[in-house]
Amino acid sequence: MSKKSNHVNSNSADLDSKTSVIIVENLVKRYKELIALDHFNLDIKEGEIFGLLGPNGSGKTTTINCILALLKYDKGTIKVLGKEMKPDSYDLKRNIGVVMQNVAVFDELTVYENIDYFCGLYIKDKSTKKQYVEDAINFVDLDKFRKFYPKKLSGGLLRRLNIACGIVHKPKLIFMDEPTVAVDPQSRNNILEGIVKLNEQGATIVYTSHYMEEVEQICTRISIMDKGKNITIGSAPELKKMIKNTETISIELLDIPEAVLEKIKNINHIYKTEYIDNTLKLYFSGGRHNLINVLDLLKKEDLHFGQVYSQLPTLNDVFLELTGKELRD
Amino acid sequence: MFVHLYQYRLKTIIRSKEEFFWILLFPILLGTFFYVAFSNISKSTENFSTIPVAVALDDEDTFFQSYLDALSGDASSILEITYTDDEEAEQLLKNEKVTGIITSQNGEVTLTISQSGIYQSILKEIVDGYIQSYDVIHSVDLSDNSKLELVLSKLSSNQDYIRNLDFTNGNTDIFVDYYYSLIAMACLFAAFSGQSCADGILANLSPQGMRKCLSPVHRMTMILADITASCTFPIIANVAVIIYLSYILKVNLGGSMPLIFATSVLGTIIGVTVGLCVGSIYKIKKEAKIGLLSALSLFSSFLSGLMVGGIKYDIEKHAPFINKLNPATVITDALYSLNIYDTYEKYITCMIILAVMSVVLCMISYFMIRREYYADL
Ligand SMILES: Nc1ncnc2c1ncn2[C@@H]1O[C@H](COP(=O)(O)OP(=O)(O)OP(=O)(O)O)[C@@H](O)[C@H]1O
Ligand SMILES: [Mg+2]
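Order-wise, the sequence lines are chains F and S.
First residue of the first sequence? That's 1 in the working numbering, and the numbers climb one at a time after it.
First residue of the second sequence? That's 1001 in the working numbering, and the numbers climb one at a time after it.
Don't read these hints as lab results, they were simulated from the structure.
Each residue gets a CB set at the ideal place from its N, CA and C atoms; glycine is no exception.
Some hints could be false.
What the hints assert, rightly or not - Covered by chain S, per the in silico footprint, the following chain F stretches (three or more residues, Cβ under 8 Å): (1) 63-69; (2) 82-92; (3) 114-128; (4) 266-272.
Said to hold, decoys possible - Residues on chain F that point at chain S, a partial pick, calculated with CB under 8 Å: (5) Tyr31; (6) Glu33; (7) Asn102; (8) Val103; (9) Leu109.
Construct the complete structure from the given sequences, taking the supplied hints into account.
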């Protein structure tokens, strides 16, 4: 967890001095009538764990597939490691690793064979290849399962195999498209730790997810996407500073008289109140002792209340405020 | 790199239960089934002697009569002719006293048969040979002496050709046709291997294909290695099927083994490329492709006589071009001509048709597979 704070604290201020690994300018991609990417821009620097955060269908996978020159796009320029990326840019591809949203392994090959197969596409030298395969197996902790066929692996183990196949050749630049979808929390944490480890070993990582907690936990910078557009870019603390909300207090109340509600609305720093499903929600912008102020008032009015809790803003709040809808559906 | 790709692709096919079953086990099972079924109903296989045939002629057609005389009567006789009228001829055919009826009316020669089989096709060969020569004669200006000579020499070589048919070494068992169709079916089932090959190569068909597209391996190397491996297994499997039929079940396929193998190799390549073409269509789901391919292969084999013997002779009568375009029929024709003819003319024609088919299909599948950019994923 100490690693986490390391990352999150790194500031976007001194970014200009770093080399860009990926530059995307004015990217437009249409699927027939649907505009999947609408003048999308990105500048990802060396050594980052860059998060693409957005709800389902916001264009994260499309962005990655365009950068990788798999998809034809309608407009814009894309540069990877300083060069234009094309389907036959084999020298660039050598340095890139991809972990797909869908598990991409062969059911007829064992764990070991799958990793060896994909490693062999990049590494010619036999002994290096062998070493790399061993490293990858240890990295995802699949040593006990090396003779297993993918069908026999649990969802979490399968995801780990998928990751191993994508990173076995020790690439400089790694794309990970929702590698933790449908994975239990335990495996998810393993995977996230692994990603941070890869980054510490020197890889730049592009990470997409619609789980804000994950992105917040590991990413140095985050681009929030919606409908193919870039809504904002920054580190998690920076993003949270962009919005009005600093704290939300929720109180379980069976009933609340109008008069009391009016008094509550007059508490300092409150800018919005909501009473839904026996829960009173109070939104604050700034202020240090909001919770104490609220509780004092409730006691004075002799109101019986259930649970009370206070939440700091999340990326979901950022998303909500910027787009007017929830990140999660 | 080629070896690495080839080895793993081969491993994948061999370990794939579906491919292993359809390409290797199913033809062996069906062959065994045929063997059991036919040995129960098989009449004693007589050796070829002469073909009994009823002939009803116009009085005028002396030219045709002399043609028939040349084929019967002397020592190397092919036909045993009963001259009769239409009605009696039909009676004879019905009672299976004769193999077919040849009639000639106003210069138009027709053959009537009630079953199909090797004797029937020899009769057909004889009648066709006559009709062709006859047409040649009538289309040529006979006042031109040099042309007349040419026609005459053609006509006599045609007769030699028929006389040279080797009837003794071949397998005249009518059931052998079913085994030919079975071999054709086994060839076409290689389409399953082609389909899975396309699936694993194209980024818009499978995540595995996508990952392969993202690797630094040259696209050409990847395609060649995967296709070679996708052909290797079915080729070996089909050779094994033929060996099983002829050495274990002791079915006499007639004709030289290496040439039978060669036919099956070409047929298998056609199967694989059909699979590649269908397999690389983006709009169709994988399950639908497999269904489509099995339907195509079975229908093609059906038209060649897998379920209903002799169906191809009926097709020949009404829509002969289908027989030339249907790979299963061309494969069975090739095997059949190896069995009954001593000369390789017909066999070579069949092999050329197969070769052209596979080159065309290879080109189509290459263009479908080599693409690198996708509009959709
Ligand atoms: N092949 C396609 N044809 C048509 N529309 C597509 C295609 N692929 C994606 N889309 C559309 O493009 C938009 C962006 O899709 P994309 O897969 O990039 O989103 P995403 O952010 O990766 O979503 P998810 O979180 O579900 O993975 C969506 O509206 C999707 O419906
Ligand atoms: Mg996606």
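Within 8 Å of chain S's CB atoms, at least three CB atoms from the segment 63-69 of chain F: coverage verdict:
Our answer is that it holds, as 3 residues pass the Cβ test (under 8 Å) against chain S, meeting three.
According to a criterion of three or more residues whose C-beta lies within less than 8 Å of a C-beta of chain S, is the segment 114-128 of chain F covered?
holds (count 6)
Holds or violated: is the Cβ of Glu33/F closer than 8 Å to a Cβ in chain S?
violated, 13 Å
With a cut-off of 8 Å, does the beta carbon of Val103/F approach a beta carbon of chain S closely enough for the hint to hold?
The hint holds - Val103/F has a Cβ within 8 Å of chain S, the shortest such distance being about 7 Å.
Does Leu109/F hold up as a contact with chain S if the rule is Cβ-Cβ below 8 Å?
holds, 6 Å
Do the numbers back the hint for Asn102/F, that is, is its least Cβ distance to chain S under 8 Å?
holds, 4 Å
Outcome, coverage of the segment 82-92 of chain F by chain S - at least 3 residues whose beta-carbon is closer than 8 Å to one in that chain:
holds (count 4)
Chain S over the segment 266-272 of chain F, status - at least 3 residues with CB closer than 8 Å:
violated (count 0)
Min Cβ distance, Tyr31/F to chain S: is it shorter than 8 Å?
holds, 7 Å
Violated hints, in rising order: 4 and 6; the structure is consistent with all others.
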